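Student: Hints given; two lone chains; assemble the complex.
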Amino acid sequence: MDSKKRGRRGFLKDAALAGLAVGAAKSAKGDAVIAEYSKKDLIAYGERSRFVTSVRTPVKGRMSPDAFGLVFHVSTPLQDAVGIITPSSLHYVATHRGSYVPEIDPATHRLMIHGMVDRPLEFSMDDLKRLPYVSRVHFLECLGNHSNGSGKTVQDTHGLTSCSEWTGVELSLLLKEAGVQKGASWIVAEGAEEIKGASSIPLAKALDDCIVCYAQNGEAVRPQQGFPLRLIVPGFEGIYQTKYLRRIKVVDRFYMTYNDYGHINPDPKVTALTVQWGPKSVITFPSGGQQLSGPGFYEITGLAWSGGGAVRRVEVSTDGGKSWKNAELRSPAYRMAHTRFGFPWKWDGKECELQSRCTDELGTVQPSLAQAGKFWNDPPEKPRSRGSDNTIQPWRVASDGSVHNAHG
Amino acid sequence: MRTVRLPLLVMTLGACSAWAQSPTYGVGKTPTAEEIRAWDIAIGPEGKELPPGHGTAQEGAKLFLLKGCGGCHGVTGTGGRAPALVKWPGNVPAPKPPPPGMEGMHMSPDTGIMALRSPYSVTIWDYINRGMPIGKEGTLKPDEVYAITAFLLFKNDVIKEGDVMDEHSLPKLQMPNRNGFSDAPEWKPKTPRLVGYP
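If you read the sequences in order, they're chains P and V.
Counting with our numbering, you get residues 1 to 408 for the letters of the first sequence.
Counting with our numbering, you get residues 1 to 198 for the letters of the second sequence.
Isolated chain V (complex conformation) (with noise of 0.2 Å):
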């Protein structure tokens, strides 16, 4: 048997190898498109992804209280046991540096006010559509997302008052923090993290 089943297996690689491109397996099914964009929720720089949808800081005012995040943030936005979403009035504070030792942790929104320290207005979007309200994510509809994306855009002098945000207006927005990070440095095999480090 075993003479016999070794030519053909090397016939099955050899076709493998010259048509890289196409599946190995064969396991797993395709997708829908339908499927594909109800999970698609990543948004990217660009807003890609983003909904069809709008809002605005006006609409975003009531849905701020309605949906409950003045109980946790602050009716006005800051000042409550979460992160403050809103500067201080009259005040208008650099984005907080985190503190000592402390530089990369995962407590972004505890080390600055998001509608300032995110390079990118669309992650202030993604971050309320899949993240909140704390133990009600993902019940928000588009359309309350950009205006309460709005809101804390408008509360942070990032945008006017009836400014209407959507899938298009949203991502085009200038951050006051836009160059204010570095990029992500290309990763390589086998290289140190970072050249000279000791």
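Here chain P stands alone, though its shape is the one from the complex (with noise of 0.2 Å):
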């Protein structure tokens, strides 16, 4: 070590010695506030101010963890949503059953790439980082968002949706690597955890954009979101977002494994709907919950996202559904990742229904729950929406500027 590098040393400790007496000394008037924030471990990652308070919460009354410690589904409180980037200490959790999050070293962990191909392969996390990366912002959600009159807020109804900047490797990388045989047509992605959750993959979906992940928001995936290693397989319902990711073998047909399970359904039409997600968009202010002050100027805002790609466009209503005006993007329109969109409005005290509806970049148009019953030849009054839900939410302002879920 030179003494140019002693010096720097010297310096930065220096200086942290003074911050360290500024915290004190402000703490001695009394202000511990600024002491907690300024502690050594919250210097090093830091946490947000505690009059932040938003949390996730656990979707239908359902304790997560439970008394036995397993991790149930919890939803993102969009409602206090900003931009289109999901904290990853927000981001929703769904699990298969009940289950504990799996510590998994990541030094030992390995990923698979065999079957139907030329060169089985297995890459440690160090081989997968050595190799060309891409960082893409794509939503995750779960089959169970509902826009029905089961919730009473956006959370409640919503928040069974994320969405992230996933970095890694991308799986047609390595499946060039593999070698993939002639007759291919699927892979199953499987994860490390207790039960081995796997999922069967079109191989079409699996050469276009998957991305074998290992950060998330600009660090390591969490946890809870299947460290060290997920699937992104962008547009598609969450249970394909296969965590903990250890194995993707190469096959020659659908392969009913352990999550295709409950997918299967008798009719082919809601199979379909039950895989990638459609053009779908909600106002997560004002919504379900909150409180207007009285008549005046609001920004309506929400998020709106597709799994057919990019929003091409966002249209909100005032009156219930009856007129559409466009509402303007407030951020990058990514495929298949949540996109932000806000509609000047002058409240102007008078009960009235907001409602917002996306449309994609294939043309797909958001339908309404009516539309949705329409096309399954449900009776009028009881319209519902099959696989997937991503029809239009609703949201009822009353004269005293109290919002409702206009389905409840």
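Hints were generated in silico from the structure; no laboratory data involved.
The model shown is predicted, which means the values in this text are computed figures rather than measured ones.
Watch out, some of these pointers could steer you wrong.
To be verified - DSS-like mimics (lysine-lysine), calculated; alpha carbons at most 25 Å apart, straight line:
id : chain 1 : residue 1 : chain 2 : residue 2
1  : V       : K188      : P       : K269
2  : P       : K176      : V       : K190
3  : V       : K190      : P       : K182
4  : P       : K322      : P       : K350
5  : V       : K48       : P       : K182
6  : P       : K176      : V       : K29
7  : P       : K182      : V       : K188
8  : P       : K129      : V       : K29
9  : V       : K160      : V       : K87
10 : P       : K382      : P       : K269
11 : V       : K141      : V       : K62
12 : V       : K172      : V       : K48
13 : V       : K172      : V       : K160
14 : P       : K182      : V       : K29
15 : V       : K67       : V       : K160
16 : V       : K48       : V       : K141
17 : P       : K176      : V       : K188
18 : V       : K87       : V       : K62
19 : P       : K325      : P       : K350
20 : V       : K172      : V       : K87
21 : P       : K382      : P       : K60
22 : P       : K269      : P       : K374
23 : V       : K172      : V       : K141
24 : P       : K269      : V       : K190
Tutor: Pasting the structure below:
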């Protein structure tokens, strides 16, 4: 070590001591909050302000974790979300059934690729990090999200969707390294957790845009999200986004494996609607449970996304779907990603119903519940959506400024 | 330096595209046959991945209690807090459809008795092998999984009590709900999930 480096390190040490001294001084005056945020471990890895209390909540009142420590679904507080990235700490969590979050040592974790390939391969985490990687923003969403009357807030109705920047190696690169054989048409992706959750994924999708991810929002994928490795299948339902990924088997048919069994349905139309998400949007402000302080200006804002690609257009209605106006996109519109929209609005103090609808790059338009019901020939008074629900969420603003689920 | 390197790079890339089937990066190792076999646990409909082993319903009936299955699923395979595995005596229900709005939900064990709902017998074997018993997943030996599978198939009238289930006989069973589900759709990039759906 030369003297120059020693000198710099000495300077940093002095600066750190000076900082501590400032904290201590303020602390002596009774300002404990500054001292708290200045603590060594919070300087090393930061924490949000204690005035910010937004948290994930259990879905449908089922405790998570429960008395045995088993984790069930918890949803993202979308009513508090801004922009398009969900903080990793607030990303929704869904489990196969009540599950413990496994602790996996990345030093021993392996990803195996085998089956109908010329060269079966096994990668360590270090191996994977040697390869070219991509970072892409993608939403995930669980089939449990329903725009119906069962939820009061947007966290209840839509909190099982979140959006992150995911980083890792394209699955197509790994499959080319292994050499996919002729006749292959599906892959089975499987995790390393206690039940080794596995899904069948079309090979066309695997070669198109799937990513074997080791990072989320600029740091390692969180344990609740599949540390150390997770498969991201953009635009597909949450169940396909295989956590703790340890195995990809290339096969020549749909495998009806562990996670697939839950998706079998007699109706091919319903089956088709439970794979890729359709165009979808929801207003996050004003949304159920929130309160407007009185007539005047408000920016209506929300999120739009689609499993079919990028969001092309978002429209907002303030009269219950009778008339629609274009909203403005307030963020980049990445493919299969949450996209933020805004709509300047002056509330006249009268009861009204707010809705949003999304059109994606394929030109597909988000349907209303009534339109979905008509497709299924439901009685008009009892429309239901089947498969993954992308129907319009209406919010009713009462004349006292309180906001309610208009389905409820 | 640059003018020297560029042609070399072009030559390298050219060589790669000419040998599209050879690896580009050469990172990673080749797993041994034994390593692959140990992890190859997803049992496809044809049962090719089933390990050697055998079991009968009589053996399975004992294991069902010994391994604690009855503690959650009910000692007779029904009436417990976990999903029913055996149809009610004297009453043969059709596979129960999912409740309204829950179609396709990942809650299949709750929406139908597996031996009656599953289109493939081996799916039951796979499910028990990877997922049961809760808290001791992966501890059952192949013979035990064959036996418990046989027990559930017998109790739901799919096989006879003395039928031996092994890696050959199990995949050959015709399941009651074999044709009661639709195939997964073919997926294509940049295509709506269901043409005609609003």
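Student: If a hint holds in the structure, say so; if it doesn't, say that too.
Tutor: Now the hints, each set against the structure:
Of the supplied pair hints, the one linking K188 (chain V) and K269 (chain P) holds, its CA atoms being roughly 16 Å apart against a limit of 25 Å. Pair hint K176 (chain P) plus K190 (chain V) holds up; C-alpha atoms about 22 Å apart against a cutoff of 25 Å. A threshold of 25 Å between alpha carbons decides the hint, and for K190 (chain V) with K182 (chain P) the separation of about 23 Å falls inside it, so the pair holds. A distance of roughly 16 Å separates the Cα atoms of K322 (chain P) and K350 (chain P); the hinted pair therefore holds under the 25 Å criterion.
Our distance criterion of 25 Å between C-alpha atoms is met by K48 (chain V) and K182 (chain P), whose separation comes to about 19 Å. Among the hinted pairs, K176 (chain P) with K29 (chain V) is consistent with the structure: their alpha-carbon atoms are about 15 Å apart, no more than 25 Å. Only pairs whose Cα atoms come within 25 Å are accepted, and K182 (chain P) paired with K188 (chain V) is accepted, the gap being roughly 18 Å. Among the hinted pairs, K129 (chain P) with K29 (chain V) is consistent with the structure: their alpha-carbon atoms are about 14 Å apart, no more than 25 Å.
For the suggested pair K160 (chain V) and K87 (chain V), the alpha carbons sit about 16 Å apart, so the restraint of at most 25 Å is met. Only pairs whose Cα atoms come within 25 Å are accepted, and K382 (chain P) paired with K269 (chain P) is accepted, the gap being roughly 19 Å. Pair hint K141 (chain V) plus K62 (chain V) holds up; C-alpha atoms about 15 Å apart against a cutoff of 25 Å. For the hint pairing K172 (chain V) with K48 (chain V), the CA-to-CA distance comes to about 11 Å; that is within 25 Å, so the pair holds.
A hinted pair counts as satisfied when its Cα atoms are at most 25 Å apart, and K172 (chain V) with K160 (chain V) qualifies at roughly 14 Å. With a C-alpha separation of about 23 Å, the suggested pairing of K182 (chain P) with K29 (chain V) holds against the 25 Å cut-off. Taken as a hint, the K67 (chain V) and K160 (chain V) pair is honoured in the structure, with Cα atoms around 23 Å apart against an allowance of 25 Å. For a cut-off of 25 Å, the pair hint linking K48 (chain V) to K141 (chain V) stands: about 18 Å separates their Cα positions.
Proximity of K176 (chain P) to K188 (chain V) is assessed by CA-CA distance (about 19 Å); at most 25 Å being required, the pair is judged to hold. Note on K87 (chain V) and K62 (chain V): the hinted pairing holds, with a Cα-Cα distance of about 19 Å set against a maximum of 25 Å. Between K325 (chain P) and K350 (chain P) the alpha-carbon distance is near 19 Å, which keeps this suggested pair within the 25 Å criterion. The suggested pairing of K172 (chain V) with K87 (chain V) holds, with an alpha-carbon distance near 22 Å, which does not exceed 25 Å.
Taking the CA atoms of K382 (chain P) and K60 (chain P), the gap is about 22 Å. The hint holds against a cut of 25 Å. With a C-alpha separation of about 14 Å, the suggested pair K269 (chain P) and K374 (chain P) falls inside the 25 Å cut-off, and the hint holds. Proximity of K172 (chain V) to K141 (chain V) is assessed by CA-CA distance (about 21 Å); at most 25 Å being required, the pair is judged to hold. Of the pairs offered as hints, the one joining K269 (chain P) and K190 (chain V) holds, with about 18 Å between alpha carbons and a cut-off of 25 Å not exceeded.
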